[in-house]
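Trainee: Chain L with the ligand: place on chain C using the hints.
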Amino acid sequence: MGMTITEKILAAHAGKKEVRPGDLIWAKLDIALGNDITAPIAISEFRNSGAGKVWDKNKVVLVPDHFTPNKDIMSAEQSKILRDFSREQKLKFYFEVGEVGVEHALLPEKGIVTSGDAVIGADSHTCTYGALGAFSTGVGSTDLAAAMISGKVWLKVPEAMKFVFEGKLSKWVSGKDLILKIIGDIGVDGALYRSMEFTGEAIRSLSMESRLSMCNMAIEAGGKNGIIEPDEITKRYLKGRSIRKPVFYSSDKDAKYVSVTEYDASKLEPMVAFPHLPSNTRPISKVGKVRIDQVVIGSCTNGRIEDMRIAAKLMKGKKVAPYVRTLIIPATQAIFKQMIKEGLMEVFVDCGAAVSTPTCGPCLGGHMGILAAGERALATTNRNFVGRMGSPKAEVYLANPAVAAATAIFGRIASPEEL
Amino acid sequence: MIFTGKVFKYRDDVNTDEIIPARYLNTSDPKELAKHTMEDIDKDFMKKMKPGDIIVGEKNFGCGSSREHAPIAIKEAGVSCVIAKSFARIFYRNSFNMGLPILENPKAVDGISSGDLVEVDTVKGEIRNKTTGKTFAVAPYPVFMQELIKAGGLIKYVAKNNR
Ligand code: SF4
Chain C
13 MGMTITEKIL
23 AAHAGKKEVR
33 PGDLIWAKLD
43 IALGNDITAP
53 IAISEFRNSG
63 AGKVWDKNKV
73 VLVPDHFTPN
83 KDIMSAEQSK
93 ILRDFSREQK
103 LKFYFEVGEV
113 GVEHALLPEK
123 GIVTSGDAVI
133 GADSHTCTYG
143 ALGAFSTGVG
153 STDLAAAMIS
163 GKVWLKVPEA
173 MKFVFEGKLS
183 KWVSGKDLIL
193 KIIGDIGVDG
203 ALYRSMEFTG
213 EAIRSLSMES
223 RLSMCNMAIE
233 AGGKNGIIEP
243 DEITKRYLKG
253 RSIRKPVFYS
263 SDKDAKYVSV
273 TEYDASKLEP
283 MVAFPHLPSN
293 TRPISKVGKV
303 RIDQVVIGSC
313 TNGRIEDMRI
323 AAKLMKGKKV
333 APYVRTLIIP
343 ATQAIFKQMI
353 KEGLMEVFVD
363 CGAAVSTPTC
373 GPCLGGHMGI
383 LAAGERALAT
393 TNRNFVGRMG
403 SPKAEVYLAN
413 PAVAAATAIF
423 GRIASPEEL
Chain L
2 MIFTGKVFKY
12 RDDVNTDEII
22 PARYLNTSDP
32 KELAKHTMED
42 IDKDFMKKMK
52 PGDIIVGEKN
62 FGCGSSREHA
72 PIAIKEAGVS
82 CVIAKSFARI
92 FYRNSFNMGL
102 PILENPKAVD
112 GISSGDLVEV
122 DTVKGEIRNK
132 TTGKTFAVAP
142 YPVFMQELIK
152 AGGLIKYVAK
162 NNR
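Respectively, the protein sequence lines represent chains C and L.
The first sequence maps to residues 13 to 431 in the numbering used here.
The second sequence maps to residues 2 to 164 in the numbering used here.
There's no promise every hint is true.
Said to hold, decoys possible - Here are some chain C residues pointing at chain L (derived, C-beta under 8 angstroms): (1) I53; (2) S136; (3) T246; (4) G377; (5) F397; (6) L431.
Said to hold, decoys possible - Listed next, the in silico BS3-like pairs over lysine-lysine satisfying Cα-Cα at most 27 angstroms (straight line): (7) C:K279 to C:K122; (8) L:K131 to C:K40; (9) L:K86 to C:K168; (10) C:K168 to L:K157; (11) L:K157 to C:K102; (12) L:K48 to L:K131; (13) C:K92 to L:K32; (14) C:K405 to L:K44; (15) C:K168 to L:K108; (16) C:K174 to L:K86; (17) C:K168 to C:K251; (18) L:K151 to C:K65.
The hints are simulated quantities; they were obtained by calculation from the structure and are not laboratory data.
Glycine included, each C-beta is placed from N, C-alpha and C at the ideal position.
Bound conformation, chain L alone:
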């Protein structure tokens, strides 16, 4: 898959309360959740972003609660992928399990600024900063996780292998 979008870059330790505040968790409707994506770290995120845009975080992106509402909101908002130096454990597995592309790459994060135009090629394993012309290689997922992707996600894999 290839994504191209404008970058919204944030600091270390962006937590799930900032991505989707608990006050909106009285629903699990993706459309409702998406309206408030990133609201407590960037109030106008949803006004500024366009489908396909990319979120970049520093260290420990998605820390805090286990709410899958966080990757759901980000995905439903139309964000194409999230790049960070590291992800909090539960956010990482949630995004993976539900199919939001996330890439861990400290060098790329250092080489990208807010507003840059970035292209991500998940097949080739490349992050290209079109604004600066720099390219970064991304490590592929472990084989085990690729199998889950091939099966069409965790639930499909489990449903099939459980029979």
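Pulled out of the complex, with its shape left as it was, chain C reads as follows:
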């Protein structure tokens, strides 16, 4: 019987000819990732275990992106743990402020993750790299510590769900909307313990940026990983970037799925997730009048150059609505620089938006844009749980960058069509 792309990657990394859903395996890793919140615990467990050196100094990646540039003394201490450890272990991939970006934008951009890889990260959105045709999944700090020691992770081979998008997407509909649509349909645990495979004509024509933001949110449906078969777009993206030779896998025709769901891509609209779950979605035409106090365009979901271009195009020559804070956070330094080159910075500053250095910042309610009680934000981020962006009495709405740009201008949730 055939295997899915996920099963093939896992089998290859477990040294087996084939694996089946439910098998418990030890998989060899290509990359293990930690950040300034999760790595300190992993480092302390690593030290307590008596292990002297990490399994491979080129494969343990530390990215201090959450509370950086450090917001207070305590977070500075956390970052220092990463810095000291990276120096001591001579890690090849540690990124200091000035170089650092949001981890799941940074790793693909730098070619640190590539097609066919098996990757874990002590961060739930590690599933992002499925867009490149890799198996990647989020774990906790203890798993990261174990990986730093052994280069391996224990995994249960997941069952797979297939989502097929045929037809052409309408203007303003992006990968973010496709994944919000799915999460709205299946719920925040609709893909629990499972692999989510995205395919079909509309997926094959999606840009890499859109694919990354789609796979990024597989976790919001409870998924173990999200994945898209590599194609010409993938190969073009990886060219001159990958630090390892990519391996291209695809699913067999007779691979087994627990479910196959088909969508007509041409019928989809931009989606908005209402508080307080990513599954609480409505198409933009059914949103009604919702006033907004803050707009955030950034994060590992939608902080890439394509997102910035879309937002700038819509905001050019306009002004942000009175009393609305609009925060633009490019996810990496390369994106930041590209924005300067293309004149996007000027567009944002002219229309009254604040542009920040790359950071997770407000996405997790860390710093750089925290909400007061009773306030509402619309963000291009991935989670809108209670308290996610500050006060537990605030509300967060999720949408794509085009909707976010229109919302900033009108001060209420708006469709880009209105501009």
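Mentor: Quick look at chain L with the ligand alone, frame taken from chain C:
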């Protein structure tokens, strides 16, 4: 192991931001984290609970971020175990890896209310609701996972088998 405690029961999809809000994650000190356990879903949880008490959730307990700070806070707060209909994947493996007992049992969850006194026997594989007198059987961990427990947790297992 046998635990007995009073139950604090919550809804579906309790997420890690509610268990330990990100605003407190500028430290990984368990004692600091424990002070804020369950704060954004139940503000007074830490005032009400006593060591040994049990958290019960419905579906998808622990969804959201990968922060191991969530099971760490719960464990350090003195909660003896968590019972739910289902757990989010990363929360499940984090709890398992770091030694917070978690039990998946939909029937038991339906048969337990907030405030009930519940006894959990992990060896026999039983959840007993002492308030109602009902007993529920719990499935044992897969053999593979039992080996990790026997070794004293994931890190000990890996450290030993890596030599
Ligand atoms: S941008 Fe948000 S979701 Fe992404 S890694 Fe940072 S905190 Fe997590």
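Trainee: Against each hint, give a clear statement of whether it holds in the structure.
Mentor: For each hint, the structure was consulted:
no., hint, verdict
1, I53, "holds, 5 angstroms"
2, S136, "holds, 4 angstroms"
3, T246, "violated, 26 angstroms"
4, G377, "holds, 5 angstroms"
5, F397, "holds, 4 angstroms"
6, L431, "violated, 33 angstroms"
7, C:K279 to C:K122, "violated, 35 angstroms"
8, L:K131 to C:K40, "violated, 46 angstroms"
9, L:K86 to C:K168, "holds, 19 angstroms"
10, C:K168 to L:K157, "holds, 20 angstroms"
11, L:K157 to C:K102, "holds, 25 angstroms"
12, L:K48 to L:K131, "holds, 23 angstroms"
13, C:K92 to L:K32, "holds, 20 angstroms"
14, C:K405 to L:K44, "holds, 12 angstroms"
15, C:K168 to L:K108, "holds, 25 angstroms"
16, C:K174 to L:K86, "holds, 25 angstroms"
17, C:K168 to C:K251, "violated, 32 angstroms"
18, L:K151 to C:K65, "holds, 25 angstroms"
Going down the numbered hints, you'll see the structure goes against 3, 6, 7, 8, 17, while the others check out.
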